[in-house]
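Here my numbering runs 17 ahead of the position in the sequence shown, where the first position is 1.
Hint data in this document are derived by calculation from the structure and do not stem from the laboratory. Just so you know, these numbers come straight off a predicted model, no measurement behind them. Even for Gly, the Cβ is constructed at its ideal location relative to N, Cα and C. Errors might be hidden in some of the hints.
Pairs of lysine-lysine residues, derived as DSS-like cross-links and limited to a Cα-Cα distance of at most 27 Å, are as follows [said to hold, decoys possible]:
#1 K268 <-> K181
#2 K268 <-> K280
#3 K146 <-> K165
#4 K280 <-> K105
#5 K268 <-> K82
#6 K192 <-> K127
#7 K130 <-> K182
#8 K130 <-> K192
#9 K127 <-> K147
#10 K172 <-> K279
#11 K279 <-> K269
#12 K165 <-> K153
#13 K165 <-> K130
#14 K192 <-> K147
#15 K235 <-> K182
#16 K192 <-> K181
#17 K105 <-> K240
#18 K105 <-> K127
#19 K181 <-> K269
#20 K165 <-> K268
#21 K181 <-> K165
#22 K235 <-> K20
#23 K280 <-> K172
#24 K146 <-> K82
#25 K153 <-> K130
#26 K182 <-> K192
#27 K182 <-> K82
#28 K105 <-> K82
Per label pair, the in silico range of CB-to-CB distance [stated by the list, open to error]:
#29 S62 <-> K280: 21 to 27 Å
#30 N128 <-> K20: 39 to 45 Å
#31 P190 <-> N259: 20 to 26 Å
#32 N259 <-> E124: 15 to 21 Å
#33 S62 <-> L283: 15 to 21 Å
#34 K127 <-> K268: 37 to 43 Å
#35 K127 <-> E66: 36 to 42 Å
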Amino acid sequence: MHKESPIGVFDSGVGGLSVAREIFRQLPQERIIYFGDTAHVPYGSRSIEELTLFGDQISEFLMAKGVKAIVVACNTSSSVSLDHLLEKYPSIPFIGVIEPGITAALEVTKNSKIGVIATQATINSEAHKKLLLTRKPDIEVYTMACPKFVPLVEKGETEGPEAKKAALEYLTPFKEAGIDTLILGCTHYPFLIDVIREVIGPEVNIVDPALETVRQTKELLQKNQGLRDENNSNNEYFVSGNPESFLVTAKKFMGDALQEVKKATL
């Protein structure tokens, strides 16, 4: 691992920027190469075969750019294709977002009732549920697919009546179940944190897996002497779809830290 090399980060769209933002906070000296697969967003309705193919193509694109590690900043990809990526590309470390979210949730729950909101594909995989029950067999796990959330975030519509209506629809059953911890099982969802918090209430712990994911990434880099010594803000952003529309939405979340987005062909 060459410590001056960048960290690769990928997602279906702008959601992974919630992880990129946390990398900048915890690892300000690092540079990233970000890939948003906007030509295929949302991932939640995609087949396992499609998601595996997309993961391979994006990983090979990032490896060709010389990244030292790849953060799979997408719960859908983490739940469906992370094991495949680890096996197919053993020369590079991959860090997913499922396990870090589980770790963080189990640290804060008091009543062992945990809710998970995610895409349909992630919920179908039962990745969160299986891992939670493996770690703590007496846990009560409640899950909900939230198909309206990703399109809202991709359009930058994270506030307003549509976001509130969707949040009420998806989160009300969790309130009735009495959960005390909610895992944001999609990296798009932290951008909806205000409306989620308003609906779920202040008494529920909201777990954003980005914090623990980046903490584990930092640990991995330290272990492999891969941490950069000096700051480098020369980050690059690529998308498979329209770079202009991505930039407009992304700037709402990242501000002036993001100035240019390039179109990439896989």
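Compare the distance between the alpha carbons of K235 and K182 with 27 Å, and conclude whether the hinted pair is satisfied. violated, 38 Å
What's the verdict on K146 and K82, does the C-alpha distance respect the 27 Å limit or exceed it? violated, 35 Å
Is the hinted pair K268 and K82 satisfied, with a Cα-Cα distance of at most 27 Å? Answer holds: K268 to K82 is near 24 Å, not above 27 Å.
Is the hinted pair K105 and K240 satisfied, with a Cα-Cα distance of at most 27 Å? Within the cut-off at roughly 22 Å; holds.
Could you see if the CB distance from N128 to K20 stays within 39 to 45 Å? For K20 against N128, whose Cβ atoms are near 43 Å apart, the range 39 to 45 Å holds.
Hinted pair, alpha-carbon criterion (27 Å max): K182, K192. Please report holds or violated. holds, 15 Å
Need the status of pair K146, K165: alpha-carbon distance at most 27 Å? Distance ~22 Å between K146 and K165 Cα, so the pair holds.
Are the Cα atoms of K181 and K165 separated by 27 Å or less? The hint holds at about 11 Å.
Taking only the CA atoms, is the gap from K172 to K279 under or equal to 27 Å? holds, 19 Å
Hint check for E66 and K127 - Cβ pair distance inside 36 to 42 Å: Holds - the Cβ-Cβ distance for K127 and E66, about 41 Å, lies within 36 to 42 Å.
For a C-alpha distance cap of 27 Å, please report whether K192 and K147 respect it. Measuring from Cα to Cα gives roughly 22 Å; hence the hint holds.
Within 27 Å, alpha carbon to alpha carbon, are K268 and K280? With a Cα-Cα distance of about 17 Å, the restraint between K268 and K280 holds, given a limit of 27 Å.
Of the hints listed earlier, those the structure fails to meet are numbers 12, 15, 18, 24, 27, 31, 32, in rising order.
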